[in-house]
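*Asks:* The residues making up each chain are set out below.
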Amino acid sequence: DAKTTQPTSMDCAEGRAANLPCNHSTISGNEYVYWYRQIHSQGPQYIIHGLKNNETNEMASLIITEDRKSSTLILPHATLRDTAVYYCIVRPASGNTPLVFGKGTRLSVIA
Amino acid sequence: DSGVTQTPKHLITATGQRVTLRCSPRSGDLSVYWYQQSLDQGLQFLIQYYNGEERAKGNILERFSAQQFPDLHSELNLSSLELGDSALYFCASATNQETQYFGPGTRLLVL
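Residue numbers (the numbering used here), protein chains in the order written: chain R, 201 to 311; chain V, 155 to 265.
These are calculated hints, taken from the structure and not from any lab test.
These numbers were taken from a predicted model, which means no experiment stands behind them.
It is possible that part of the hints are untrue.
Unchecked claim - Lysine-lysine pairs mimicking BS3-like chemistry, simulated, CA-CA at most 27 Å apart:
{"#": "1", "chain 1": "R", "residue 1": "K203", "chain 2": "R", "residue 2": "K252"}
{"#": "2", "chain 1": "R", "residue 1": "K303", "chain 2": "V", "residue 2": "K211"}
{"#": "3", "chain 1": "V", "residue 1": "K163", "chain 2": "R", "residue 2": "K303"}
{"#": "4", "chain 1": "V", "residue 1": "K211", "chain 2": "R", "residue 2": "K203"}
{"#": "5", "chain 1": "R", "residue 1": "K252", "chain 2": "R", "residue 2": "K303"}
Using the sequences plus the hints, can you model the full thing?
*Replies:* What follows is the structure, given as structure tokens:
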């Protein structure tokens, strides 16, 4: 079972920041938080991951709370092409392990 | 473009038949993962190979098998196909750094 809880769906106006929350209250100290998204039946696309520090890349920012029990993925200026299902996944830091996908959040960016 | 390729893109076959799905990982990636995505089950891990050896098994049916070849490409074999096997099949590859990159998938339709 997925170890994360995400809202089923969210809307965001085009050009505004999209803030996608994720609860992972049972995360352990050696587990990363990963974010992927899936645009309309395409292969899941890696976005970003982090352990305890906030992270930023060209796609998004990841804010992890100090207790690590929740995080927020931020798309700073959402576009229509960001409409997708976003998955928050917790996985161990060591070794290659499979991803356990939950149902994710369906983000709709509205013009 | 993730660098992971999958063939074929689409496959239509009949119940009872056998098909082979192919995955070529990103250059240098030793791990290959297979996932199945059906409408009612979401994205589910099937099996993982690392440098030619089976590393982990998920919810893979006995009718399904996989292998990874010396050139690191992988094949997923599905036999005695049933209507319920209709799904998207994704492979992902990873290095020891663990971030998985997904291919575009194969859409299988069993009639």
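*Asks:* When the hints from earlier in the document are held up against this structure, which numbers fail?
*Replies:* Per hint list: zero violations.
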